[in-house]
Amino acid sequence: MASSLSFSRSSAVAGARVPARARLVGAPRSRPTRGPVRTVAGNSAEDGIFTPIVKVTRNIMGAKEFNKLRGKGISLHSQVITEFCKQIGADNKRKQGLIRQAKKNGEKLGFLS
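Take 1 as the starting number for the sequence shown in our numbering and just add one per residue.
Hints listed in this document are in silico derivations from the structure and should not be mistaken for laboratory results.
Among the hints, a few may not be true.
[What the hints assert, rightly or not] What follows is a set of in silico ranges between Cβ atoms, one per label pair, in the way DEER data are often shown:
#, residue 1, residue 2, range
1, Arg94, Pro52, 30 to 38 Å
2, Gln96, Leu69, 22 to 30 Å
3, Arg94, Leu69, 25 to 33 Å
4, Leu109, Ile60, 18 to 26 Å
5, Leu98, Phe50, 26 to 34 Å
6, Glu46, Lys93, 17 to 25 Å
7, Lys95, Asn59, 33 to 41 Å
8, Arg100, Ile49, 19 to 27 Å
9, Arg100, Asp47, 16 to 24 Å
10, Gly62, Lys93, 34 to 42 Å
11, Arg94, Val56, 29 to 37 Å
12, Lys68, Ile99, 15 to 23 Å
13, Met61, Asn105, 29 to 37 Å
14, Gly97, Asn59, 16 to 24 Å
[Said to hold, decoys possible] Keeping only pairs whose Cα atoms sit at most 25 Å apart, straight-line, the calculated SDA-like set for lysine to any residue is:
#, residue 1, residue 2
15, Lys68, Gln87
16, Lys103, Val80
17, Lys64, Gly48
18, Lys103, Asp91
19, Lys72, Met61
20, Lys64, Ile99
21, Lys64, Asp91
22, Lys95, Phe84
23, Lys104, Phe50
24, Lys103, Gly62
25, Lys108, Leu98
26, Lys103, Leu76
27, Lys104, Glu83
28, Lys108, Thr33
29, Lys72, Gln87
30, Lys64, Lys93
31, Lys103, Ile74
32, Lys103, Val56
33, Lys93, Gly73
34, Lys68, Gly106
35, Lys68, Ala90
Since this is a predicted model, take the numbers as computed values, not measurements.
Backbone N, C-alpha and C fix where the C-beta goes; we use that ideal spot for every residue, glycine too.
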């Protein structure tokens, strides 16, 4: 005589019936090992033409205020790039490429020191 509850065959443990969703199957899974942590932000080129000015300004203003100012400048530049792309009809992929190139140029010139 079959019961109205559905259980899987492997859920029976020592005669007890346990719903399939409540049982534990096998050993707990371990997390995959990861490689070394990479720094995404930051500047790899510390010798750009504007690096001395950037460092002096950061020391005068303080790091927190300087980062706010730099963030506003980056945001405004991204907005200019976005408006330019709208005017010429460039797609989002092209716009993202221009923004990435602007970041690379900023690193080379020392703006992101």
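Evaluation of the provided hints:
no. : hint                        : verdict
1   : Arg94 to Pro52: 30 to 38 Å  : holds, 34 Å
2   : Gln96 to Leu69: 22 to 30 Å  : holds, 24 Å
3   : Arg94 to Leu69: 25 to 33 Å  : holds, 28 Å
4   : Leu109 to Ile60: 18 to 26 Å : holds, 20 Å
5   : Leu98 to Phe50: 26 to 34 Å  : violated, 20 Å
6   : Glu46 to Lys93: 17 to 25 Å  : violated, 31 Å
7   : Lys95 to Asn59: 33 to 41 Å  : holds, 34 Å
8   : Arg100 to Ile49: 19 to 27 Å : holds, 21 Å
9   : Arg100 to Asp47: 16 to 24 Å : holds, 21 Å
10  : Gly62 to Lys93: 34 to 42 Å  : holds, 38 Å
11  : Arg94 to Val56: 29 to 37 Å  : holds, 36 Å
12  : Lys68 to Ile99: 15 to 23 Å  : holds, 20 Å
13  : Met61 to Asn105: 29 to 37 Å : violated, 23 Å
14  : Gly97 to Asn59: 16 to 24 Å  : violated, 34 Å
15  : Lys68 to Gln87              : violated, 29 Å
16  : Lys103 to Val80             : holds, 14 Å
17  : Lys64 to Gly48              : holds, 22 Å
18  : Lys103 to Asp91             : holds, 19 Å
19  : Lys72 to Met61              : holds, 15 Å
20  : Lys64 to Ile99              : holds, 24 Å
21  : Lys64 to Asp91              : violated, 35 Å
22  : Lys95 to Phe84              : holds, 9 Å
23  : Lys104 to Phe50             : holds, 14 Å
24  : Lys103 to Gly62             : holds, 22 Å
25  : Lys108 to Leu98             : holds, 15 Å
26  : Lys103 to Leu76             : holds, 13 Å
27  : Lys104 to Glu83             : holds, 20 Å
28  : Lys108 to Thr33             : violated, 34 Å
29  : Lys72 to Gln87              : holds, 23 Å
30  : Lys64 to Lys93              : violated, 32 Å
31  : Lys103 to Ile74             : holds, 9 Å
32  : Lys103 to Val56             : holds, 21 Å
33  : Lys93 to Gly73              : holds, 22 Å
34  : Lys68 to Gly106             : holds, 16 Å
35  : Lys68 to Ala90              : violated, 29 Å
Checked against the numbered hints above, the structure violates hints 5, 6, 13, 14, 15, 21, 28, 30 and 35; every other hint is satisfied.
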